[in-house]
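Trainee: These are the residues of each chain, in order.
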Amino acid sequence: MRSNHCRSGVLATLFLAFILLSGQLCTGAAAAVLEAKIGLALSMTGGAAAYGATQKQGAQLAVDEINAATGAAGIKVVPVFEDDASQPQQGITVFNKFINGDKVALIIGPTLSNTAQVTDRIAQQAGMPVLAVSNTAKGITEIGDYIFRDSLTEMIVIPYTMKIAREKLGVHKVAVFYGNDDAFTKGGYDAFKKALADAHIEIVTEQTFAKGDRDFSPQLTQIKGKNPDAIVVSALVEEASGIVIQARQLGIPASIPIIGGNGFNSPALLANAGEAAEGVMMGAAWNASSILPLNKKFVEAFTAKYGHPPDQFAAQAYAGVYLACEAVKRAGSATDHKAIRKAMSEIKDLDTVLGKFSFTPERDADHTPVVQVVKGGKFAVFGE
Amino acid sequence: MLLQVRDVTRTFGGVKALDGVCLEVEKGGVHGLIGPNGAGKTTLINILSGITAPSSGEVLLDGQAVHGLPAHRLAAMGVARTFQNIRIFPAMTCLENVMAGQHMVASRPFFPRLFCLPSARRREKDQRIEALACLRRVGIEARADFPAKALSYGERRRLEIARALASRPRLLLLDEPVAGMRQKGVQEMGRLVQSLAAEGMTLLLIEHNMAFVMGLCSRITVLNFGRTLTTGNPEQVSHHSEVIEAYLGVSESHA
Amino acid sequence: MDLLAQQLINGLFIGSVYGLFAVGYTLVFGVLDILNLAHAAVFTLGGLLALWLVETAGLSLWLAFPASVLACGVLGLILDRVAFAPLRQRADSNFSGLISSIAMAIIFESAALGLFGARTVRFPAHTVSVHIWRWGGISITSLQVEIVAVALLLMVGLTQFLNRARAGKAIRAVAENDRTARLLGIHVDGIIAFTFFISSALGGAAGILFGLYFDSLSPDMGRSIELKGLAVIILGGMGSIPGAIIGGLAFGLSEVLTVAITGTSNLRDAVAFTVLFAVLILRPSGIFGRRKMREA
Amino acid sequence: MEALGQFFAIYGSLVNFIGINALLALSLYLTLAAGQLSLGSAAFAAIGGYTAGILTMKCGFPFLLSVAIGSILSGLVGLVIGLPVLRLRGVFLAIATLSFGEVVRIIVLNLDITGGAQGLVGIPNLTKTWGIYLTLALAGYSIARLRRSRAGWCFESIREDETAAAAMGINTTYYKTLAFTLGALLAGLAGGLYAHLNYIITPREFGFSVAVDLLIYNIVGGVRCWYGPMLGAFLLTALPEILRGTGVAAGPVRMAANGLILLLVILFLPNGLVSVFTRPGRPQAGLPPAAVAEEV
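Chains Y, G, F and U supply the protein sequences, listed in that same order. Position 277 (the first sequence) corresponds to 277 in this note's numbering; numbering is contiguous. To get this note's numbering, take the position in the second sequence, counting from 1, and add 384. To get this note's numbering, take the position in the third sequence, counting from 1, and add 639. To get this note's numbering, take the position in the fourth sequence, counting from 1, and add 935.
Just so you know, these hints were derived from the structure itself, not from any lab. Everything numeric in this text was worked out from a predicted model, so none of it was measured. Any given hint could turn out to be false.
[To be verified] Negatives, chain F to chain U, calculated, CB over 12 Å:
{"#": "1", "residue": "648"}
{"#": "2", "residue": "697"}
{"#": "3", "residue": "698"}
{"#": "4", "residue": "704"}
{"#": "5", "residue": "744"}
{"#": "6", "residue": "791"}
{"#": "7", "residue": "798"}
{"#": "8", "residue": "799"}
{"#": "9", "residue": "892"}
[Unchecked claim] DSS-like, lysine-lysine: derived pairs with alpha carbons at most 30 Å apart:
{"#": "10", "chain 1": "U", "residue 1": "993", "chain 2": "Y", "residue 2": "138"}
{"#": "11", "chain 1": "Y", "residue 1": "296", "chain 2": "Y", "residue 2": "378"}
{"#": "12", "chain 1": "Y", "residue 1": "338", "chain 2": "U", "residue 2": "1063"}
{"#": "13", "chain 1": "Y", "residue 1": "378", "chain 2": "Y", "residue 2": "193"}
{"#": "14", "chain 1": "Y", "residue 1": "296", "chain 2": "Y", "residue 2": "348"}
{"#": "15", "chain 1": "Y", "residue 1": "348", "chain 2": "Y", "residue 2": "138"}
{"#": "16", "chain 1": "Y", "residue 1": "297", "chain 2": "Y", "residue 2": "356"}
{"#": "17", "chain 1": "U", "residue 1": "1063", "chain 2": "Y", "residue 2": "103"}
{"#": "18", "chain 1": "U", "residue 1": "993", "chain 2": "Y", "residue 2": "194"}
{"#": "19", "chain 1": "Y", "residue 1": "193", "chain 2": "U", "residue 2": "993"}
{"#": "20", "chain 1": "Y", "residue 1": "356", "chain 2": "Y", "residue 2": "296"}
{"#": "21", "chain 1": "Y", "residue 1": "37", "chain 2": "Y", "residue 2": "76"}
{"#": "22", "chain 1": "Y", "residue 1": "378", "chain 2": "Y", "residue 2": "356"}
{"#": "23", "chain 1": "U", "residue 1": "993", "chain 2": "Y", "residue 2": "226"}
{"#": "24", "chain 1": "Y", "residue 1": "173", "chain 2": "Y", "residue 2": "375"}
{"#": "25", "chain 1": "G", "residue 1": "533", "chain 2": "G", "residue 2": "509"}
{"#": "26", "chain 1": "Y", "residue 1": "37", "chain 2": "Y", "residue 2": "103"}
{"#": "27", "chain 1": "Y", "residue 1": "37", "chain 2": "Y", "residue 2": "329"}
Ideal Cβ positions, reconstructed from N, Cα and C, are used throughout, including at glycine.
Produce the entire structure from the sequences given, and follow the hints as far as they go.
Mentor: Shown next, in the form of structure tokens:
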């Protein structure tokens, strides 16, 4: 029995070695094409499944485009999609699999900041570059020098938005409404609070909701009673649509604008809130209505492929794959993580759907945010 | 006098289940408690075993007031019981049922078990032997390792008595021990009750089977509509006019 | 004053929504003493299916609504057959039924996710016409009125059905004691299946109304209401239909009043669950529950 | 050896989670062993986890001391909550403990010291795999030896029939509270270890769904035997990875497979997975003819 076990163990090891070796040989044979295995840890199930789904679509589109453009030489992307189930526990296993099993060039994801707080430390310890494409909580890139993100945080987007709100709309006192059980919306609230203080805008009332809530009328009724100049909302689009609709239903007039952040920047807001969304203002990282050719092409290709327009999550994931590709290309290797990290940090003024993109020295996204407003059922740049 | 029940009343949502019941049970012997359905017999047993508290009145055990004490306190004072609807532990084996019943008398400290001390093993072995004796006492020793739920109806009744015996009670309350049994089972149960009484145990017996009660009990108390109708020896009770009326009335309404 | 009136209306409305969800929930609970944790998943599927019928199959809502409700009833039958009936004879059917209903909830939710996608969607605008009435600072929409009315109608109708109709009486008999019901010649398994059918159909209807009012449907929409529904049926008393609606209203009002009185909403859910906790400790049978005498 | 190293590199964290989940499942098992259905274990883990995490992070307490304090505090809360709550039975107890859990979660969400929704970040990474498994081994062994001790007999009797147990002389309130408190103590301990595993804990990791998961581990593994919960925790924690390994596509399909497996276990293994390992040697499988009630 015992020797049998040993033998099968040896066989299995040999077999594994053979597979690994043949894999190496294959890549060796097609030396002209650099094959970059990219691990994508996205939430395909669980609370963040809606974002994971659109991120996957955006990323897949980018992968297809890149691979279609690969000629005899160039770069070929091999995506490995894994589901982190919106849970840190599963995220960790996925990261360990990417790092030690798939041995990917770099990792894109995970979808949620809470998960990233845990998983990115593992990547940092292992010296594996990570590009966050949707995390906006603070403290993500601070985890270490291998952690990058292309998602502009509320800390950048919101002060800019509040400045414009004060200057152009004459907003002096606001009500704040935010989700207090979610890292993203709570982070957004912190950003709002700071930005409002900096812009000397008074907060007349603060109300909260919980993820999954559908009824916001009690809080909105309180807000209405305080007569604010504007309602500042930190929410993801599911809740944002409901808040916007119910605010208008309760008779909060359109002259009191609703101002949101990155979470609002989704076609779902237009689809779900309909007419009520008119005049909603949001600071965001991605300008959906941008007529830059790169962006126009992306929106068209995405809509053609999936039958619905992209949202900011898709755009950031799409841009993320391009950024990752660029880094691998510049590093000239899909296995040298140090080189990839270095190449990534040196990306400057790269044309992406997010605009001219660079990384700050702190490895955060650096591009101009945009303040959008819903006009005629479409996103438009505020003031244009 | 082992047990004295004085003027016990119990109401459930305005309905008087017991209304000033008095009862005295002497040490040793079998005392019967009879009465038509709804007379309050089970309520009385529940009060005596501490499962329900009386609304008013007092219960004395060996002269000590025990009414309103929780069930486990009464058990500690030597009151054990069986239930009309048999409440054995179905998923345990028969032996385990009885060993569980040893709770009041067995010493089973945790730490000697944790460290696997020989004393723990010795104690368990002794308790096992004692439990087997209880099973033998009621005549189902052969079933010791059967799960209790696999027993026949009569055997379950016996098992429940064996479990009650395991706590070495002074007073054993039996709630309809032969309900639904055939003649043979009734006779066997009668012999068991007799032998327990012969050993000096005091038994209080609720039963509908008149022949069974008359044959076993030295004294009988009759309840009707929550009140004590009469107490006496079988002869007196069976000729008591109100008793006859109470039973006839019931059988008429049932017909 | 307007503020408080509006808040009371809000509470009344959201309470009716909770009540609608809880009615079907409590029906099964009352009959089987089992929590059907898949109820929220049926609720979700009902809403999403109706949306699919309207949007993709092009049916009018007046056809899609009954079709989807019927389909949910069938889901209820499946639920009973697969998850509950095989466990009925087990001693621990409360425990194991709970788990198998969770398993079914996972399967249903994954079906919703696979069939309809993870995105939050809504019924096309103007599927139903909505009026908004305003008096001073108070506003009410016609949909709100309709939902409150449906909840009250259901409460009265179902109660009447259980008290008067043959099948309703049979359900009550089974709820009281299934063994006795069997002796009385009632086809107990059929009645239980029927109960599941009604319960799930009601769940589906609640899901559609929920989706219509809040303009928002997603595979996880049942999750947030699940716990509250649980709270409501406990508050109302297990198995009590009026209790479910009134418990729903009480729960809705307690939420809204917490916000109105404290002026903040951080404590809203904490207060609601603390109230539930207190009710359980002080009056376990709920506000409207029959006190089930558990014999000694 | 290298294969083993590779395995641990990929699945090391999974191995840790299995250990933690097994500990949490055992903590619930203690309560279930006394027949009490609690959904509060996740909340006790939260109390233990947050207390321990805050103590090491902000007060600089040594790891073991923090974990011990967290565990004891959790046990104390268990004692205080247990006394009133344990008068309830079955589903009512489950819902009371559930609402307690929700209140704890909302409090954690609203406190500053716990970091709110973003979680308690930066807890030193001090829990080691061997530590988890040593704790698990000790806890498992103690619980195994609890059987046939005084408390063990009491728990088992109460689970079988609380009224009969009381009539036998068991102080049911005392022993139920003991089981509940011990469970809270162990859950707090597991929470403390968990807090020091990943630098961060968030309120979401201690929510309703986690409480339900723990119950599922117990039922799937089997609650008739002390190693059942561990087995359940092992299998179900590893299941997503097993499915991943067998190439079941991520997303809804994997989720459905998860639900299906749960359903199959509950339907076909009434006593959980444990029954696969226990030999049918005892006369349990083939009931003697006497099993049929001859009279009545």
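Trainee: Next step is simple, just say for each hint if it's right about the structure.
Mentor: Consistency of the hints with the structure:
No beta-carbon of chain U comes within 12 Å of the beta-carbon of residue 648 of chain F; the shortest separation is about 26 Å. Non-interface call for residue 697 of chain F relative to chain U: holds, since the shortest CB-CB distance, roughly 26 Å, exceeds 12 Å. For residue 698 of chain F, the requirement that its beta carbon stay farther than 12 Å from each beta carbon of chain U is met, with the minimum near 25 Å. The beta carbon of residue 704 of chain F is kept farther than 12 Å from every beta carbon of chain U, the shortest such distance being approximately 26 Å.
For residue 744 of chain F, the condition that its CB be more than 12 Å from all CB atoms of chain U is violated, with the nearest at approximately 8 Å. For residue 791 of chain F, the requirement that its beta carbon stay farther than 12 Å from each beta carbon of chain U is met, with the minimum near 26 Å. The claim that residue 798 of chain F lies off the interface holds: its Cβ sits roughly 23 Å from the closest Cβ of chain U, which is beyond the 12 Å cut-off. Taking the minimum C-beta to C-beta distance to chain U, about 27 Å, the non-interface status of residue 799 of chain F holds against the 12 Å cut.
For residue 892 of chain F, the non-interface assignment is confirmed: its Cβ lies about 18 Å from the closest Cβ of chain U, beyond the 12 Å cut-off. With a C-alpha separation of about 20 Å, the suggested pairing of residue 993 of chain U with residue 138 of chain Y holds against the 30 Å cut-off. A distance of roughly 15 Å separates the Cα atoms of residue 296 of chain Y and residue 378 of chain Y; the hinted pair therefore holds under the 30 Å criterion. About 28 Å separates the Cα atoms of residue 338 of chain Y and residue 1063 of chain U, which keeps this hinted pair within 30 Å; it holds.
Proposed proximity of residue 378 of chain Y and residue 193 of chain Y is supported: the alpha carbons are some 28 Å apart, at most 30 Å. Distance restraint check for residue 296 of chain Y and residue 348 of chain Y: the Cα-Cα separation of roughly 22 Å lies within the 30 Å cut-off, and the hinted pair is therefore satisfied. With a C-alpha separation of about 23 Å, the suggested pairing of residue 348 of chain Y with residue 138 of chain Y holds against the 30 Å cut-off. This hinted pair checks out: residue 297 of chain Y and residue 356 of chain Y have alpha carbons roughly 16 Å apart, not beyond 30 Å.
Between residue 1063 of chain U and residue 103 of chain Y, the direct Cα distance comes to roughly 25 Å. Compliance with the 30 Å bound is thereby established for this hinted pair. The suggested pairing of residue 993 of chain U with residue 194 of chain Y holds, with an alpha-carbon distance near 25 Å, which does not exceed 30 Å. Distance restraint check for residue 193 of chain Y and residue 993 of chain U: the Cα-Cα separation of roughly 25 Å lies within the 30 Å cut-off, and the hinted pair is therefore satisfied. Under the criterion of a C-alpha separation no larger than 30 Å, the hint pairing residue 356 of chain Y with residue 296 of chain Y is consistent with the structure, at around 15 Å.
This hinted pair checks out: residue 37 of chain Y and residue 76 of chain Y have alpha carbons roughly 8 Å apart, not beyond 30 Å. Proximity of residue 378 of chain Y to residue 356 of chain Y is assessed by CA-CA distance (about 23 Å); at most 30 Å being required, the pair is judged to hold. For the proposed pair residue 993 of chain U and residue 226 of chain Y, the alpha carbon gap of about 39 Å is over 30 Å, so the pair is violated. Taking the CA atoms of residue 173 of chain Y and residue 375 of chain Y, the gap is about 24 Å. The hint holds against a cut of 30 Å.
As the CA atoms of residue 533 of chain G and residue 509 of chain G are separated by approximately 24 Å, the hinted pair is consistent with the 30 Å bound. Using a Cα cut-off of 30 Å, the hinted pair residue 37 of chain Y and residue 103 of chain Y holds, with the two alpha carbons roughly 8 Å apart. A distance of roughly 12 Å separates the Cα atoms of residue 37 of chain Y and residue 329 of chain Y; the hinted pair therefore holds under the 30 Å criterion.
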